[in-house]
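Student: When you get a sec, could you build the whole thing from the sequences and use the hints?
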Amino acid sequence: MATDRIVGIDLGTTNSLVAYMEGGRPVVIPGEDGLNLVPSVVALDSGGQMIVGNAARKFLIETPDHAVYSIKRLMGRGVEDVHAELKYFPFRLAEDLLAGEVLRIRLGSKTFTPPEISAHILRQLKRNAERHFGAAVTKAVITVPAYFNDAQRQATKDAGRIAGLDVLRLVNEPTAASLAYGLQEKKNGIVAVYDFGGGTFDISILKLHDGIFEVIATNGDTHLGGDDIDNLLIGIALDDIAGDMHTDVRRKAGVVQAIRKAVIDAKIHLSTCADAEIGVQLPDGKRYEREITRDLFQRLIAPILERTVGPCRQALKDAQLKPEQIDEVVLVGGSTRIPQVRKLVQEIFGREELHTELNPDEVVALGAAVQANILSGGSAATENMLLLDVTPLSLGIEALGGVVAKIIHRNSTIPASAVEHFTTGVEGQTNVAIHVVQGERELAKDCRSLARFDLRGIPPLPAGMPRIEVRFLIDANGILQVAAREQRSGKEAQISVQPSYGLTDDQVEKMILESFDFAEQDLSERQLVEARNEAETILTALAKGRTSPAWAVLTAREHEEIAGLESALLRKKGGDDHKLIRAAIDALNRATMRLAELMMDSAVATVLHGKTMGEVDLGEGPEAPHPIGKAEFK
Amino acid sequence: MTEAPTKSLLTVLATTSPTEAACWSCGEMRAAHFCSACGKVQPARPVDYFTFFGLPRKLHLDVAALEREFYQLSRKLHPDLFAQAGEEEQRWSLEKSSQLNDAYRTLKDPIARTEYLLRLAGVEFQEQSQQATEKARASGQAKQQVVPPDLLEEVFELNMQLEELRAEQKLGKQDVALVHDLKQHEKHFQETLHALDHELQHAWKDWDHLVSDAEHGKAAAHEKWNEARDRMVGVLNRRSYVRNLVRDVGDAIG
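Chains as they are written, first to last, in our numbering: chain A, 1 to 634; chain B, 1 to 254.
Where hints are given, some of them may not hold.
Within a straight-line C-alpha distance of at most 20 Å, the following computed SDA-like cross-link-like pairs (lysine to any residue) qualify [claimed, not checked]:
hint	chain 1	residue 1	chain 2	residue 2
1	A	Lys207	B	Lys108
2	A	Lys207	B	Asp109
3	A	Lys406	B	Asn244
4	B	Lys76	A	Lys317
5	B	Lys76	A	Ala253
6	A	Lys157	B	Gln84
7	A	Lys317	B	Lys108
8	B	Lys76	A	Asn384
9	A	Lys110	A	Ala253
10	A	Lys207	B	Glu67
11	A	Lys406	B	Glu67
12	A	Lys186	B	Gln72
13	B	Lys224	B	Asn244
14	B	Lys108	A	Leu321
15	A	Lys406	B	Val211
16	A	Lys317	B	Arg105
17	A	Lys207	B	Arg105
18	A	Lys579	A	Arg557
19	B	Lys40	A	Leu386
20	B	Lys76	A	Glu383
21	A	Lys157	B	Glu87
22	A	Lys186	A	Leu386
23	A	Lys139	B	Glu87
24	A	Lys406	A	Leu443
Here are some chain B residues pointing at chain A (derived, C-beta under 8 Å) [as the list claims (entries may be wrong)]:
hint	residue
25	Tyr71
26	Arg75
27	His78
28	Pro79
29	Asp80
30	Ala83
31	Gln84
32	Gln90
33	Ser97
34	Asn101
35	Asp102
36	Arg105
37	Thr106
38	Leu152
These are calculated hints, taken from the structure and not from any lab test. Backbone N, C-alpha and C define an ideal beta-carbon position, used for all residues, glycine too.
Tutor: Right, dumping it as C-alpha cells:
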C-alpha cells in the first residue's frame with residue numbers, strides 16, 4: 001500500500017538524506033538535482049520562500065542574515081546552553097527570548113524555532129521521496145545521535161510532526177549504521193561503531209546474534225564534529241587577516257562564510273593530499289591565501305580528535321570489554337575520511353582493519369531505511385532482524401539537597417521503566433513537585449533538566465500518609481513517559497509535565513497549522529512534479545508508438561498535428577505551471593487516441609512478440625489514466 | 001533470633017507462574033504473554049521478574065538460557081513488531097517489553113538478582129551507593145554505615161592513606177610509595193570481593209534448597225528461611241562496603 005510506505009531519514013548536522021528499501025536493499029533517494037545529499041542549510045529568499053539544500057548554500061555568502069546551517073546543534077537546547085556555540089556559529093537569536101523559552105532564530109525579519117527549521121529540511125526530503133514514488137509519503141524513521149538526550153529527541157520528533165511526518169521511530173545513528181552493515185554481512189560477534197560526523201560524535205558497542213542487534217553500551221558528545229575542525233581553521237584565517245592584512249572581517253558574516261567554504265575545501269583536500277591552499281577574496285579587493293600542510297593540519301586538530309578517546313574508553317568499560325574483544329570496527333560519518341581519525345581509531349581498538357565499505361555519508365540513512373522496512377512488517381532481507389537499543393544517559397530525580405537519585409541507569413535496554421514512590425511532607429498537602437533530570441553527574445544542577453512534574457489532586461492526608469506511585473518509562477525512541485497514581489485512594493494523580501526545554505503540544509499544533517502555508521507551496525510543487533512525470537510517460541509512449549506498425553496507418557495531417565502538440569508539451573514541461581503542462585498533455589492525449597486504438601488492435605491481433613497484453617508497452621494506451629510518476633521514470 | 005520481616009518469607013514462594021486468564025482477542029485460555037490459541041500479545045500485569053520469566057525464586061540461574069529466553073521474547077514483544085498494530089496493542093507491547101528488559105537486566109546480574117529477591121522478601125537495604133554517600137554529605141549527615149569488624153583496622157589505615165594522597169595531589173605531588181601501598185590495598189580488597197562472591201554462592205545454595213524442599217511440600221521452618229536470608233544480607237552489605245572502597249581507591253589513584 002502506497003500510503004504505508006515508510007522512509008528512512010538521516011537528519012544530519014551538515015547533510016540530510018532520505019532512503020528506502022527497494023528489492024531487498026536500501027537505496028538513497030536523490031533530489032531533483034540528482035544528488036543524494038541535501039545540505040542541511042535553510043534560507044529565506046527575497047520572495048519569502050524557504051529554500052533548502054544546495055540552492056540555499058549561496059545565501060550563506062550572499063545574504064547570511066537570511067540563511068542558517070548546522071541547526072541540529074541547537075535542537076532541544078536552551079538559551080544558556082548555546083552561548084558557547086554562538087561564538088563560532090552565526091546563529092542570530094531572536095531578541096525577545098525569555099529564559100526557559102525554546103530558542104528562536106532570526107531569518108530576515110522572521111523568527112523560527114530549531115524544530116521549525118529542521119522541519120523545512122525534512123519537508124524537502126519528503127518532497128524528494130514523493131517525487132521518486134509519485135505518491136504521498138507520511139511516515140518516517142528519523143535517526144538521531146545516540147548520545148542525544150530526551151529534549152533533543154523530542155525536538156526531532158516535533159520537527160517531523162511539523163513537516164507532516166508521522167515519526168514511527170527515532171533510531172540512533174551508529175545503530176542504524178550497524179543495521180546497514182549487518183544486512184550485508186549477517187555475522188555474529190561484537191561490533192564497535194565509531195560515528196564522527198559534522199556536529200556529533202557517537203561510539204556504540206553492539207552484540208550481533210542471529211539477527212538481533214543488541215546495543216551493549218553507547219557514549220559520545222553531541223557537540224563534537226567536523227564543524228569544530230572548520231571553526232578552528234576559520235579562527236586561524238581570521239587572525240591572519242586581522243594581523244597580517246590589517247583587515248577585520250570577523251563581523252562580516254558573508255566573508256566568514258566564504259572563509260568557511262574555503263577551509264572546508266582545504267580540509268577535504270588534505271584527506272588525500274600532503275598540502276592544500278586556503279584562498280579567499282576579501283571585500284577590499286585583497287586576496288587572503290595561506291598554504292596548510294597535512295602535518296600542520298594534524299597537529300592543529302589533534303586536541304579535537306583526542307576528545308573522542310574518552311567516550312570510546314568509557315563505552316568499552318561500560319560494556320566490560322577489552323579492545324581486543326571487539327570483532328569488527330565500523331567507521332561512520334564524513335569526518336572519518338580524515339586519515340588521522342582512522343589512525344586514532346586503529347590505536348584505540350588495536351587493529352589495522354576498519355570497515356569503510358559503505359559510504360560514510362550515506363550509511364546512516366541506509367540503516368534508517370532498513371529499520372523502516374522492519375517497522376513496516378519486514379521483508380525477506382530483514383527477516384529476523386531486530387534492534388535492541390539502550391538509553392545513553394541515566395535518568396534520575398532530584399532528591400533532598402539537590403542530589404540525583406538515579407532510577408534508570410545509562411545503557412539500559414529500552415523500553416525500560418522504573419517505579420518510584422513519593423509522599424507528602426506537610427499535613428493536607430495536595431501537590432508534590434518532581435524534578436526529572438538526565439545525566440551522569442551527582443548533583444541535579446550539573447545534569448540536564450528534563451521536566452518538572454507536578455503531582456496534583458493528592459487527597460489531603462497527614463504528612464507522609466499518601467503513597468504516590470510514579471512510573472517512569474523510556475520508550476523505544478529513548479523518550480520519557482510518566483504516569484502517576486495515589487495508591488491509598490486509588491486515585492490517578494494528575495500530572496502536568498512542564499518540559500524544561502521543549503515545545504508544548506499546543507505550540508507544535510500551532511506550528512503545524514502555520515506550516516500549511518508551506519504545505520501549499522509543497523502541494524503546488526508536487527502537482528508540478530506529477531504533471532512532469534505524466535508528461536514523460538506520454539512522451540515515452542509516443543516514442544514507442546512511432547516505431548510501431550500502427551504509426552504508418554495515420555494520415556500525414558495526423559502526424560503533423562501530433563508532432564506539433566508534442567513539441568508544445570516539451571516546451572510546457574520545462575515551465576513551472578502544472579496547469580499548462582496538464583492542458584498540453586490532454587491535447588496530445590486526444591490527438592493520439594486513434595494511434596492508441598490502432599496499436600491496441602494490432603497488439604491484440606498479433607500478441608506482439610509473444611508478449612501478454614499486460615506486458616505490451618502501449619497496452620495501457622495513452623488515453624488510459626496515467627499512472628502518476630512511476631518510479632521507473634526519472 | 002531475627003524478627004520476621006514485614007512480608008512473610010513463605011509468601012515469596014507463592015505463585016511462580018503467571019496465572020492464566022481469557023485472551024482479550026479470541027477468548028481462549030491463554031499462556032503468560034501471548035494467547036496460546038491465537039498468539040496475540042496480552043496486556044501487561046504487575047508481576048515480579050521471576051514470574052515474568054516463569055522461573056522459580058531460586059538464585060542459581062542458567063544465565064545462557066535466560067539470554068535465549070530474553071531474545072526469544074524480544075522477537076515477539078518488541079514495539080518494532082507492533083508499529084502497524086492498534087493503539088492498545090502498541091501500549092501493551094511497550095509495557096511488556098519494558099518489563100522484559102527490566103527483568104532481564106536484573107536477573108542476569110548475580111548481585112542485582114540477589115538484592116531483588118531479598119527485596120521481594122521484605123528486606124530493605126541500607127543504601128550504600130555513591131549517591132547515598134553524596135546525599136548524606138549534602139544533607140550534612142554522616143552516612144550510617146557499619147564497618148565490618150574484621151576490616152576495621154585495614155579500612156582505618158586505608159582512609160588515612162587516601163587522605164594523605166589527596167592532600168599531596170592538591171599540592172601537585174605524587175608519592176610513589178604511597179600509591180604502591182594503595183595499590184596493594186586495592187588488590188587485597190579485590191581478593192576480598194572474590195571471596196565474598198564465593199560466600200554468596202554458598203548462601204544461594206541454602207536458599208535454593210529451601211525453595212526446592214517447599215516445592216516438594218516440605219516447607220522448612222521460618223528460622224531456616226531467616227537464616228538463609230540474613231546470611232545473604234550480611235554478605236551483600238559487606239560486599240557493597242568493600243566495593244565502595246575499591247572504587248574510592250581507584251578514583252584516588254586515577
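Student: Would you mind marking each hint as holding or not holding in the structure?
Tutor: For each hint, the structure was consulted:
About 16 Å separates the Cα atoms of Lys207(A) and Lys108(B), which keeps this hinted pair within 20 Å; it holds. With a C-alpha separation of about 17 Å, the suggested pairing of Lys207(A) with Asp109(B) holds against the 20 Å cut-off. For the hint pairing Lys406(A) with Asn244(B), the CA-to-CA distance comes to about 17 Å; that is within 20 Å, so the pair holds. Taken as a hint, the Lys76(B) and Lys317(A) pair is broken in the structure, with Cα atoms around 31 Å apart against an allowance of 20 Å.
Only pairs whose Cα atoms come within 20 Å are accepted, and Lys76(B) paired with Ala253(A) is rejected, the gap being roughly 54 Å. A threshold of 20 Å between alpha carbons decides the hint, and for Lys157(A) with Gln84(B) the separation of about 18 Å falls inside it, so the pair holds. As the CA atoms of Lys317(A) and Lys108(B) are separated by approximately 18 Å, the hinted pair is consistent with the 20 Å bound. For the suggested pair Lys76(B) and Asn384(A), the alpha carbons sit about 11 Å apart, so the restraint of at most 20 Å is met.
Pair hint Lys110(A) plus Ala253(A) holds up; C-alpha atoms about 18 Å apart against a cutoff of 20 Å. For the hint pairing Lys207(A) with Glu67(B), the CA-to-CA distance comes to about 12 Å; that is within 20 Å, so the pair holds. The hinted pair formed by Lys406(A) and Glu67(B) fails the criterion: a straight-line CA distance of about 25 Å is larger than 20 Å. About 18 Å separates the Cα atoms of Lys186(A) and Gln72(B), which keeps this hinted pair within 20 Å; it holds.
Distance restraint check for Lys224(B) and Asn244(B): the Cα-Cα separation of roughly 31 Å exceeds the 20 Å cut-off, and the hinted pair is therefore not satisfied. With a C-alpha separation of about 17 Å, the suggested pair Lys108(B) and Leu321(A) falls inside the 20 Å cut-off, and the hint holds. Among the hinted pairs, Lys406(A) with Val211(B) is inconsistent with the structure: their alpha-carbon atoms are about 33 Å apart, more than 20 Å. About 17 Å separates the Cα atoms of Lys317(A) and Arg105(B), which keeps this hinted pair within 20 Å; it holds.
Our distance criterion of 20 Å between C-alpha atoms is met by Lys207(A) and Arg105(B), whose separation comes to about 15 Å. For the given pair, Lys579(A) sits about 27 Å from Arg557(A) by alpha-carbon distance, which is inconsistent with the 20 Å threshold. For the hint pairing Lys40(B) with Leu386(A), the CA-to-CA distance comes to about 19 Å; that is within 20 Å, so the pair holds. Distance check on the hinted pair: Lys76(B) and Glu383(A) sit about 13 Å apart at the alpha-carbon level, within 20 Å; holds.
Distance restraint check for Lys157(A) and Glu87(B): the Cα-Cα separation of roughly 18 Å lies within the 20 Å cut-off, and the hinted pair is therefore satisfied. Using a Cα cut-off of 20 Å, the hinted pair Lys186(A) and Leu386(A) holds, with the two alpha carbons roughly 12 Å apart. Our distance criterion of 20 Å between C-alpha atoms is met by Lys139(A) and Glu87(B), whose separation comes to about 16 Å. Using a Cα cut-off of 20 Å, the hinted pair Lys406(A) and Leu443(A) holds, with the two alpha carbons roughly 11 Å apart.
Using the Cβ-Cβ criterion of 8 Å, the hint placing Tyr71(B) at the interface with chain A is satisfied: the shortest such distance is roughly 6 Å. For the restraint placing Arg75(B) at the interface with chain A, the shortest Cβ-Cβ distance is roughly 6 Å, inside the 8 Å limit, so the hint holds. At about 6 Å, the closest approach between the beta carbon of His78(B) and any beta carbon in chain A falls short of 8 Å, and the interface hint on this residue holds. Interface hint at Pro79(B): satisfied, since its Cβ lies 5 Å from the closest Cβ of chain A, which is below the 8 Å cut-off.
Below 8 Å, beta-carbon pairs count as interface contacts, and Asp80(B) has one with chain A at about 6 Å; its hint therefore holds. Checking Ala83(B) against chain A by beta carbon gives a least distance of about 4 Å; that is within 8 Å, so the hint holds. With its C-beta approaching chain A no nearer than about 6 Å, Gln84(B) sits inside the 8 Å limit, and its interface hint holds. Given the 8 Å rule on beta carbons, the hint for Gln90(B) is violated: about 10 Å separates it from the nearest Cβ of chain A.
Because the closest C-beta pair between Ser97(B) and chain A is about 5 Å apart, less than 8 Å, the hint holds. At its closest, the beta carbon of Asn101(B) sits 4 Å from a beta carbon of chain A; the interface hint therefore holds under the 8 Å criterion. Annotation: interface hint on Asp102(B) holds; nearest CB of chain A at approximately 6 Å, less than 8 Å. Contact between Arg105(B) and chain A, as hinted, is supported at the beta carbon level, the nearest pair being about 6 Å apart and thus within 8 Å.
Because the smallest distance between the Cβ of Thr106(B) and any Cβ of chain A comes to about 10 Å, over 8 Å, the interface hint for this residue is violated. The beta carbon of Leu152(B) comes no nearer than 28 Å to any beta carbon in chain A, farther than 8 Å, and the hint placing it at the interface is violated.
Going down the numbered hints, you'll see the structure goes against 4, 5, 11, 13, 15, 18, 32, 37 and 38, while the others check out.
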